[in-house]
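K.L.:
So you can see what is in the structure, the chains are spelled out below.
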Amino acid sequence: MALLSILVYPDEKLKRVSLPVKELSEDINSFIADLEETFRSFPGCVGIAAPQVGRFERIVMVDISHKPKHVNHGFLVLINPEITFCEGSSLGREGCLSVPDYTGKVERAKSITLKALNQMGEKLEFQMSGYEARAVQHEIDHLDGKLFLDRLVSRRNALSKRIETPASP
Amino acid sequence: MENWLMLTLVGKDRPGIVAKISHALFDMQGNLGEASMTRLGGNFTIMLMVCIPESQTAVQNKLQQICDELGLFFHLDAIEAGLHRHIEPDVRISVHGADQAGIVARATDVLNKAGLNILNLESDVGGSSESPVYVMHIEGVAGKGFDAVDKALQALARENDVTASMTPIDTMVG
Numbered sequence: 005m006a007l008l009s010i011l012v013y014p015d016e017k018l019k020r021v022s023l024p025v026k027e028l029s030e031d032i033n034s035f036i037a038d039l040e041e042t043f044r045s046f047p048g049c050v051g052i053a054a055p056q057v058g059r060f061e062r063i064v065m066v067d068i069s070h071k072p073k074h075v076n077h078g079f080l081v082l083i084n085p086e087i088t089f090c091e092g093s094s095l096g097r098e099g100c101l102s103v104p105d106y107t108g109k110v111e112r113a114k115s116i117t118l119k120a121l122n123q124m125g126e127k128l129e130f131q132m133s134g135y136e137a138r139a140v141q142h143e144i145d146h147l148d149g150k151l152f153l154d155r156l157v158s159r160r161n162a163l164s165k166r167i168e169t170p171a172s173p
Numbered sequence: 002m003e004n005w006l007m008l009t010l011v012g013k014d015r016p017g018i019v020a021k022i023s024h025a026l027f028d029m030q031g032n033l034g035e036a037s038m039t040r041l042g043g044n045f046t047i048m049l050m051v052c053i054p055e056s057q058t059a060v061q062n063k064l065q066q067i068c069d070e071l072g073l074f075f076h077l078d079a080i081e082a083g084l085h086r087h088i089e090p091d092v093r094i095s096v097h098g099a100d101q102a103g104i105v106a107r108a109t110d111v112l113n114k115a116g117l118n119i120l121n122l123e124s125d126v127g128g129s130s131e132s133p134v135y136v137m138h139i140e141g142v143a144g145k146g147f148d149a150v151d152k153a154l155q156a157l158a159r160e161n162d163v164t165a166s167m168t169p170i171d172t173m174v175g
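Chains A and B, in that order, give the protein sequences. If you count the first sequence from 1, you need to add 4 to reach the numbering used here. If you count the second sequence from 1, you need to add 1 to reach the numbering used here.
Only chain A is shown next, with the shape it has when bound in the complex (with noise of 0.2 Å):
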């Protein structure tokens, strides 16, 4: 195990898009287990994602258990996430652990439907929303080598009251 160093803006390699894992070999199950240390090691932090440490495989992980008051399925390791569908438009803050002292807002789909694989290869499918579905958004942009700074919304759009009405489907 081993802590990883975390790239940060504006290296030029976050904007790097990532390739999907073909296989799960001994080599990725001890990067996931790095990658995971790496994620612990700051508290507050709700996801991680592989680029962000120099590694442009599409693995990300997810954990908002620590706030309780939003729906969550715990911690997540995701292999080649893929959102199918998403809903809806919400409006939150966000921080990025590669863009130190900034937080902005973002404009995001409400309500997704996420593919991936876990560590174990199996297919997984899932139904989110509201800080979950922001958290996973925010990281599968990071394999596409895209950060929040890319989707900001400007302080005075971002009071208005047309973006906090969901988009029709």
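Calculated directly from the structure, the hints in this document are not laboratory data. Don't take each hint at face value.
What the hints assert, rightly or not - Chain A stretches covered by chain B per the calculated footprint, using a threshold of three residues with CB under 8 Å from any CB of chain B:
| # | region |
| --- | --- |
| 1 | 48–56 |
| 2 | 100–114 |
| 3 | 126–139 |
In this text, a Cβ means the ideal position worked out from N, Cα and C, and glycines have one as well.
Put chain B on the given structure of chain A with help from the hints.
P.N.:
This is chain B only, laid out in the frame that chain A set:
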């Protein structure tokens, strides 16, 4: 020791104000920090932190020429400041209703007593000239907890016939 100045500027809005002012500061090796620039009632306003090696008098003289040309008023203050001093808000407050004299004073007074530290406030008057509508949004830190803020807003709404609500901000860090 960094030499930070706060530039306060206001004048009739026209295109090019931001470009001309920021270019002048850049020409003096000024490094801009955090800024708030917005149009208020047909005027353009700037509050801007700038870290600059030139003396305050030199900056004053340079800006005076540009502001005279553009018809702007400005003011410079030497400030003790720095970057990376953000405070995260934990609550967002919204107040709206028919415009009425004193609503900002009453709202901010009850919120102050409820322990709120205001980090950002934006208010607007919309609607029509005959029936203006007042809208205010605040982000801040609830120093005495959300319940105190919520109770204060309920009382404010009741006593002033406005809609007032709060939402906790739970910043998602991923």
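K.L.:
Please go over all the hints and tell whether each is borne out by the structure.
P.N.:
Hint check results:
Coverage of the region 48–56 of chain A by chain B holds [criterion: at least 3 residues with CB-CB distance below 8 Å; count 6]. Counting residues of the region 100–114 of chain A whose beta carbon lies closer than 8 Å to any beta carbon of chain B gives 5, which meets the minimum of three for the stated coverage. Under the rule that three or more residues need a Cβ within less than 8 Å of chain B, the assignment of the region 126–139 of chain A holds, with 3 such residues.
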